[in-house]
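Please take these sequences and the hints and turn them into a complete structure.
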Amino acid sequence: MLVHAGLIAVIALIAFPLYYAFVISTQSLGEVTSVPPRLTPSWHVGENYAAAWVKGKLGRLLVNSLVMAVGIAVGKIAISILSAFAIVYFNFRGKQVVFWMIFVTLMLPVPVRIMSTYEVISTLGWIDSYWGLTVPLMASATATFLFRQFYQTVPDSLAEAAQLDGAGPLRFLWSFLLPLSGTNIAALFVILFIYGWNEYLWPLMVTNSEEMRTVVIGIEKLVPRGGGEIPEWNVIMAAAMMALLPPVAVILFMQRWFVKGLIESEK
Amino acid sequence: MKRTVFRNRWLPYLLVLPQVVVTLVFFFWPAFGSLRLALYRTSPFGDRLIFAGLDNYTRLLGSGEYLQSAVNSFVFAFGVTFGGLTASLGLAVLANQKIRGLAIYRTALLWPYGIAPAVAGIIWLFIFHPAYGVLPYVLAAVGSFQFNWLLEGWVAMLMLITAAVWKQLGYNIAFFLAGLQSIPTSVLEAAQVDGADPVRRFWRVVFPLLSPITFFLFVLNMVFSFFETFGLVHAVTQGGPGHATEILVYKAYNDGFVNQQLGTSAAQSVILMVVVIGLTMLQFRYAEKRVTY
Numbered sequence: 001m002l003v004h005a006g007l008i009a010v011i012a013l014i015a016f017p018l019y020y021a022f023v024i025s026t027q028s029l030g031e032v033t034s035v036p037p038r039l040t041p042s043w044h045v046g047e048n049y050a051a052a053w054v055k056g057k058l059g060r061l062l063v064n065s066l067v068m069a070v071g072i073a074v075g076k077i078a079i080s081i082l083s084a085f086a087i088v089y090f091n092f093r094g095k096q097v098v099f100w101m102i103f104v105t106l107m108l109p110v111p112v113r114i115m116s117t118y119e120v121i122s123t124l125g126w127i128d129s130y131w132g133l134t135v136p137l138m139a140s141a142t143a144t145f146l147f148r149q150f151y152q153t154v155p156d157s158l159a160e161a162a163q164l165d166g167a168g169p170l171r172f173l174w175s176f177l178l179p180l181s182g183t184n185i186a187a188l189f190v191i192l193f194i195y196g197w198n199e200y201l202w203p204l205m206v207t208n209s210e211e212m213r214t215v216v217i218g219i220e221k222l223v224p225r226g227g228g229e230i231p232e233w234n235v236i237m238a239a240a241m242m243a244l245l246p247p248v249a250v251i252l253f254m255q256r257w258f259v260k261g262l263i264e265s266e267k
Numbered sequence: 268m269k270r271t272v273f274r275n276r277w278l279p280y281l282l283v284l285p286q287v288v289v290t291l292v293f294f295f296w297p298a299f300g301s302l303r304l305a306l307y308r309t310s311p312f313g314d315r316l317i318f319a320g321l322d323n324y325t326r327l328l329g330s331g332e333y334l335q336s337a338v339n340s341f342v343f344a345f346g347v348t349f350g351g352l353t354a355s356l357g358l359a360v361l362a363n364q365k366i367r368g369l370a371i372y373r374t375a376l377l378w379p380y381g382i383a384p385a386v387a388g389i390i391w392l393f394i395f396h397p398a399y400g401v402l403p404y405v406l407a408a409v410g411s412f413q414f415n416w417l418l419e420g421w422v423a424m425l426m427l428i429t430a431a432v433w434k435q436l437g438y439n440i441a442f443f444l445a446g447l448q449s450i451p452t453s454v455l456e457a458a459q460v461d462g463a464d465p466v467r468r469f470w471r472v473v474f475p476l477l478s479p480i481t482f483f484l485f486v487l488n489m490v491f492s493f494f495e496t497f498g499l500v501h502a503v504t505q506g507g508p509g510h511a512t513e514i515l516v517y518k519a520y521n522d523g524f525v526n527q528q529l530g531t532s533a534a535q536s537v538i539l540m541v542v543v544i545g546l547t548m549l550q551f552r553y554a555e556k557r558v559t560y
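The listed protein sequences derive, respectively, from chains A and B. All residue numbers for the first sequence refer to our numbering, where the first residue is 1 and numbers rise by one. All residue numbers for the second sequence refer to our numbering, where the first residue is 268 and numbers rise by one.
Keep in mind the hints are simulated off the structure, nothing from the lab. For glycine and all other residues, C-beta sits at the position ideal for the given N, C-alpha and C. Keep in mind that a hint or two might mislead.
Rough simulated footprint, nothing fancy, chain B against chain A, three-plus residues with beta-carbon under 8 Å [as the list claims (entries may be wrong)]:
| no. | region |
| --- | --- |
| 1 | 5-18 |
| 2 | 33-40 |
| 3 | 230-243 |
Partial pick of chain B residues on the chain A-facing surface, computed with a CB cut under 7 Å [unchecked claim]:
| no. | residue |
| --- | --- |
| 4 | 279 |
| 5 | 290 |
| 6 | 385 |
| 7 | 441 |
| 8 | 458 |
| 9 | 516 |
| 10 | 519 |
| 11 | 521 |
| 12 | 536 |
Right, here's the structure in full:
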């Protein structure tokens, strides 16, 4: 009983900021600015969320975030499956070079190549495009290594049996290996979706127009800087709730894969 | 190592092509671009680049503002890492009980991982709000001191650290839990038979056994706080008040993108690259160790 109480207290502590944000998103501006702070929900849900939706152009931004998150996740998984397959199931000249090249990307996160990446993207004419938002983030050493590790545990006899059946390498990949990779793919998808959804510096760099922004950047624009305006905290919190809901929902509904992905992808 | 079973002259190249192209165009090329750009400086009118040798580096290392941002980065990173690991180890020990419904509890601890650092920051920005926030209100009841992040740099830093720790908690707890559950109960029982009380058992038995995971999480949280918290600073304090929360990544972005000082910004990127390489090597030394165990 005591253990349960302790756990529940811990969970309540962790959940409090989210609860507070939700409460603020349901209050009128008068209630938000009242002292002492009111910690119970109010009835202004509809108007606040509608205001956030219109003011922050959230419909469009949520679509952009979804495209970016799904695009990066699917792209990374696809190209990692292919390259890991080549590395494990073929001998070819330059294999070591390719392997090390993929490995080194671990040491080149976005912040260490800010200005020059921007140049590359603008040379390609990819500023303000979905290409620019997704393709450059698709190389992933972790995903490639994860699939490589998994393929190495697949018994050799499987590939031999496939060959006896007259299956070529692509047939083998498609009909034998992929069906076995289901849980790995699901686990990676959850982790990569969250990564793509929450990425901040990249979309900030490669988008100029409001229409191409993602939702996590959009919220910042709702916070007024400097004195002039009174910040509408209830509207800002409504927008924050809508921005955090999709990735958190993915964790809750795909819990099993999420935990697997967390642990596997950091090995 | 696997026996290689397929033979084909060109197929393997075709298979690695997409990844190699993305890596070359968007990772290697820009990284070399940064190295090159760091040797140039922008002309006074901002219209061309002048070769400057290592000037950018020497000027950075002699600049108080840059050193300040390096100090900020370290304070932030150590705050997030030590604060976060201490809190999550404590919570993981608490959560590591053989009780029913553990899966539900675990999910209830894990979900903040899904929240973007920037969004977490905005939530904490309101909790710390000098006029309406809950925290300054509670603290004002305890004692009278200036708890206004707009005026006090340390409050702003504390706010960012708190938001980052909160966001990382679930993640750290998940790893500590996995580690705690892999400790055989027989080991703990043996310690108990030897008469060790729970506190001693923790420090003498559990904590040493957890050290590989602690080290792994240490590196991971350092990487997180150095390289994945740009959004937090940008959305919440924008480096302020003054330059109190300007961390290295934020300064590199600001100097390059906002102030158009391409050379200085590139030199900062190169210094950051050295930091990542150091952290990655640390991580892999640990990985190797684990293999030999």
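Going down the list of hints, with the structure as the test:
1. 5-18: holds (count 8)
2. 33-40: Satisfied; 6 residues make the cut.
3. 230-243: Holds, because 5 residues of the region 230-243 of chain A bring their Cβ atoms closer than 8 Å to Cβ atoms of chain B.
4. 279: holds (4 Å)
5. 290: holds (5 Å)
6. 385: With a minimum Cβ separation of about 5 Å from chain A (threshold 7 Å), the hint on residue 385 of chain B holds.
7. 441: Holds, about 6 Å.
8. 458: violated (20 Å)
9. 516: holds (4 Å)
10. 519: holds (6 Å)
11. 521: With a closest approach of 10 Å, the residue 521 of chain B hint is violated.
12. 536: holds (5 Å)
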